[in-house]
Amino acid sequence: MDAPVESMKVEPAAPVEQALYEIRKRIYPRAVTGKFAAWRWVLVLATQLVFYGTPWLTWNERQAVLFDLVARKFYIFGLVFWPQDIVYLTLLLIISAYSLFLFTAIAGRLWCGYACPQTVYTELFMWIERKVEGDRGARMKLDKEPMSARKLRVKASKHGLWIALALWTGFTFVGYFTPIKTLWGEVWSAGLGPWETFWILFYGFATYGNAGWMREQVCKYMCPYARFQGVMFDPDTLIITYDRERGEPRGARNRSVDYKAKGLGDCVDCGICVQVCPTGIDIRNGLQYECIGCAACIDGCNQVMSKMGYPKGLIRYSTETAVKKHLDSTSIAKRVFRGRTLVYTSILVVVAVAGLVTLYNRVPVKVDVIRDRASFARDPSDPVVQNVYRLQIMNTQERRAAFAIGVSGIEGIHLLSDSTSQLELGPASQKVVAVRVEAPRQNAKPGSNRIQFTVDAADPSGATQPLKIVEKTTFVVQ
Amino acid sequence: MSEFTSGFWSVYITLITLASILACALLLWRLSTKKLAPGEKASVMGHVWDENLEEFNNPLPMWWMYLFWITLIFGVVYLVLYPGLGSFGGVLKWSSTGQYEGEMAKAKARYEPKFAEYGALDLASIAAKPEARDMGERIFLNNCAPCHASDGGGRPGFPNLRDADWQWGGEPDQIVQTITAGRQAMMPPWAQLGEENIKNVAHYVLSLSGKTHDSMRATQGKEVFAANCAACHGPEGKGNPALGAPNLTDNIWLYGSGGESTIIQTITNGRNGVMPAWEEFLGKDKVKLVAGYVYSLSHPAK
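As you go down the protein sequences, you meet chains A and B in turn. Using my numbering, the letters of the first sequence map in sequence onto residues -12 to 465. Using my numbering, the letters of the second sequence map in sequence onto residues 67 to 368.
The hints are simulated quantities; they were obtained by calculation from the structure and are not laboratory data. Any given hint could turn out to be false.
If you want the footprint, here are the derived chain B segments under chain A, 3+ residues with CB under 8 Å [said to hold, decoys possible]:
no.	segment
1	219 to 226
2	261 to 273
DSSO-like, lysine-lysine: derived pairs with alpha carbons at most 30 Å apart [stated by the list, open to error]:
no.	chain 1	residue 1	chain 2	residue 2
3	A	K432	B	K277
4	B	K159	A	K60
5	A	K12	B	K277
6	A	K418	B	K159
7	B	K277	A	K131
In this text the structure is predicted, and so the values were computed from the model without any measurement. Ideal Cβ placement from N, Cα and C applies to all residues, glycine included.
Put together the whole structure using the sequences plus the hints.
Listed below in structure tokens is the structure:
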């Protein structure tokens, strides 16, 4: 890519002594309004409504979304996942990863700019900061001032509000693992458990620290995304682009002057794009690893362009190829359909469809068959052979189920009359039962014989259709 | 710590640990106070990829350096509080054994009352109470199933606990006694009787359970049985629970229903059946609970 190569040239070092450790430069992002800022707010509100709201919903007389780590049962609305359902988590992670690849290949760091919790909470924290301390200029002035009663008051209110939001976030987070209404009661009766307290404070501290203090440092030094964005982009990826050809040579000018005659480009060098940048970079230097793709500079620059009466889009979403070949938006859109994105999309569709189909066909009753470890085969009398199995029967439904165990595969094979053949299990519970099976010796061959257990699960109330599970195992004849 | 074969290793580890921490601190201090001279640039590491991609030795953020200091301080505090410096046990006196014992004591305080409550019941009541019986079943599956199988049906050498045949008696007290103190059955070898006699006795034993046998041999074996075996197994072969001598007339075979050859082997070489004692390991109440479960296997609820 052309622009980044130029930007990689090391600026000549200032002729002063430098520490080997970089002293952080404070960034005071200026507030910005516009199309993309509005989109970010839509996503902030949507994601946070889901995050803060979900734990308060009720479903089947329990919390709608609850990850019960102690009982190892994950409730998500009508579904109850057991550890055996780990494959769905795998599918979800694969879908998330490929969605990220796809979005990044098409339009760069969309995730970072609009939906990443680091961005979302920073946005909320900066909003509070702006309401309390004022915009960029006011904040810079306040920080330079010596400590005074007013400054102390302003700073205290900002941190007070930050901490309140952070604690609420920590509380909500823990509310996904401990029923949130119980947790709320415990907060007020001082009955929080030590681990609940720890995680509320820990997650609260992480929110306060990352969104209030660390901010762009998280994106620059902690998050790996910035470092591998290079391999996720290609020349047809939409990135935040400064139109160098149109903008340069940049320079201040009077509105009334014919700048073109003076040999100036469209960039008025107002510096707004730098002031609004949450990571403190100058987008005019081209694509940089610090750029989280938030498009604040696009909004900022467009406002200036409107005021100047110039066409918008000096900084815009564009691709390397588009800039080089002067493509219009239709050609850019056509280039979205390229090998890379099509491969990502097909994998994504296949995995998503497979996941939905298996989820739809999921039988909410599970049976594991374990051959008894102690007794291989018994021959209580010559014509019959006995085998013992342990059946782990799991009822993952939220209602009682009546189970009937059957066995087949050898002529005359049956459960012994004193063996467990019927049982009833409560909602979301399981039991291991020893099952005794007998078969006529003459109908089975010596060694192992294939048989199967059939477990029918009926709804005692008769409200739903019975379920049937077949599990294969072997019957041993010595 | 007794794991060290000599005091030298304790000193060795302590010195290496402290020297490493000190060296890290010195390195950090030296680098964080060092300055680049005016005009001096951060060095390039000397690798080039893809024509122009170079690795710069760029400065770390300051807060990152502070994290290193925090890590060092954490390390020192940890080594003071917890074991780590050779044989020094740490001022908190923490040990994994101590933690284990603490957790066991806590679990005991929590579950003991329940076990005591059920341990006070008689076996029939435990068998009739689903919660108590389930507790007994879990104890059985963890401790007894490896020999007696998970259905309690046994296997050759390990008695079936589901039938009415009891080697050591099936009364509640006898079952509890068997589990509490264990049992040692001792069938001596009878090789000195000679192959012919042994075969004859074997056929007599087969006849007692009504199995196919050679009646000539059985008649001859009866005398040998009366002279040698009846002392323990009784004149009619009905066995003696006090000695653990099995009943030979019920067609239930402790060492497998292999017929003649198994019986000959038993008589020739003898048998040594051992049931270990569980009281020390399980405690009185758990023994009672598992005995209740075993009782329930042959006394199913009506």
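Hint check results:
With a cut-off of 8 Å between beta carbons, the segment 219 to 226 of chain B has 4 residues touching chain A; three or more are needed, and the interface restraint holds. As drawn, the segment 261 to 273 of chain B meets chain A at 0 residues by the rule of a beta-carbon pair under 8 Å; below three, the given contact is violated. For the hint linking K432 of chain A to K277 of chain B, the alpha-carbon distance of about 25 Å falls within 30 Å, and the restraint holds. Pair hint K159 of chain B plus K60 of chain A does not hold up; C-alpha atoms about 38 Å apart against a cutoff of 30 Å.
Distance check on the hinted pair: K12 of chain A and K277 of chain B sit about 97 Å apart at the alpha-carbon level, beyond 30 Å; violated. Using a Cα cut-off of 30 Å, the hinted pair K418 of chain A and K159 of chain B is violated, with the two alpha carbons roughly 42 Å apart. Distance check on the hinted pair: K277 of chain B and K131 of chain A sit about 106 Å apart at the alpha-carbon level, beyond 30 Å; violated.
Checked against the numbered hints above, the structure breaks hints 2, 4, 5, 6 and 7 and satisfies the rest.
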